[in-house]
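A.B. asks: Using the sequences and the hints, build the whole thing.
Spelled out, the chains give:
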Amino acid sequence: MVENNKQIKPIVLPKKLNVAASQNIIDAYRESLGFNGAVMFDFSNVTWAEPIGLTIISTAINRCLLSKKSTYYAPPKNDRFREYLKDMGFDNLFLNGENYFCRSTSLALRRFISFDPGYVESLVLLVENAMNLSETEKDHVNFYINELLTNCIDHSVSPIGCYICAQWHPQINEIRISVADAGIGIKESLNRYKKYGKFKSDEEAILKAIEEGVTTRKSHGGLGLSNVKRFLALNRGTLTIMSGTSKVNFYYNKIERKTHSSAIDGTVVDIRMFRGKTLSPKTRTFFS
Amino acid sequence: MKININKSCGKNTVSRADGKKIYSLIVGAWHKEKQIVIDFGDISVSSISFLDEALGVLLLKYSPKDILSKIKLVNIRPFDKSVLNNIMSSRMRDNKK
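Read top to bottom, the protein sequences are chains A and B. Quick note: the first sequence, position 151, residue 151 per this note's numbering, numbers continuous. So the mapping is simple: this note's numbering equals the position in the second sequence, first residue as 1, plus 288.
Because the hints were derived from the structure by calculation, they are not lab data.
When the alpha-carbon atoms are kept at most 25 Å apart in a straight line, the in silico DSS-like pairs for lysine-lysine are as follows:
1. B:K353 - B:K309
2. B:K320 - B:K349
3. B:K322 - B:K349
4. A:K195 - B:K349
5. B:K369 - B:K322
6. B:K349 - A:K194
7. A:K86 - A:K16
8. A:K195 - B:K308
9. B:K309 - B:K299
10. B:K290 - B:K349
11. B:K322 - B:K353
12. A:K208 - A:K194
13. B:K369 - A:K229
14. A:K9 - A:K68
15. B:K369 - A:K138
16. B:K295 - B:K369
17. B:K308 - A:K194
18. A:K9 - A:K69
C.D. replies: Have a look at this one:
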């Protein structure tokens, strides 16, 4: 394809934008940012997307737009997926700004540049409906999501803020939430503060970041990821963290590590929870 | 002594910097006052950053027993109290390390 006699680079996205295809998604991400000219995000083959795929690709598109790169879009051939993208607010964000009707099983793609309690409330409501949470569990979920987003906004040093969306799959009793930023990543973030030594690998930094009390705040903090991990372990859910070249999946009983051949800027968090498996973490009632 | 969140912070009850104002007021009054009443005025805070910085961080300086005997929360919404209890639990686990 050409634009004013210049080549438009097609960024061909994989058929499925999911955690399993993370390498392919990151390759597309890198390709789009690495090319010094017009790019076209080619969704034509895509038939399925999990929140993680949408948030990563959204950060790539936004960064292309930010760098004043001509950015094009080839819609999916699959009608159902095209409709899904629209319902997830993709068209609204990147194409025409038109109103959309978000499905009751989703929370639309949204860009955060500052904390938005209203969106957090909607997200908790979706999780509550999906998982049939008790009041206590609802409070816990609110707590984790709230802290996760605050951390993302406060510490990522992301030029575009962060993207978030969520999807509930009632057939398999599963809910997925993904947050992606385009910041400095976990390793750089921890290394800047020198508090925990110098991390050579992204994987090492991710494993450190998940420990309770670990923070890049000058004095204290670090309630976010460790709490999410604890909650998900009780739920038998999964926490996936991608930063730099590393992807670490935290299951309730094991940790799975993977190294990608190309790096993602910033950090991506994917949360998978299951209905009917939630257990309330033991929390002491401090102020009665 | 009474600290009114609304008067001290207005609508700024989101960031750690906002919470720090309350923390400073509490620490400043700690040895002078027998009891410090924190009046939330029934506002919805919801921000972990704010609540952690205002009250959670006290656990890094004072014992749970001292905090409970000194601090009294009034007009706090149940949701915020639950978030705060969550924060206090996390901080206490953190301290044990």
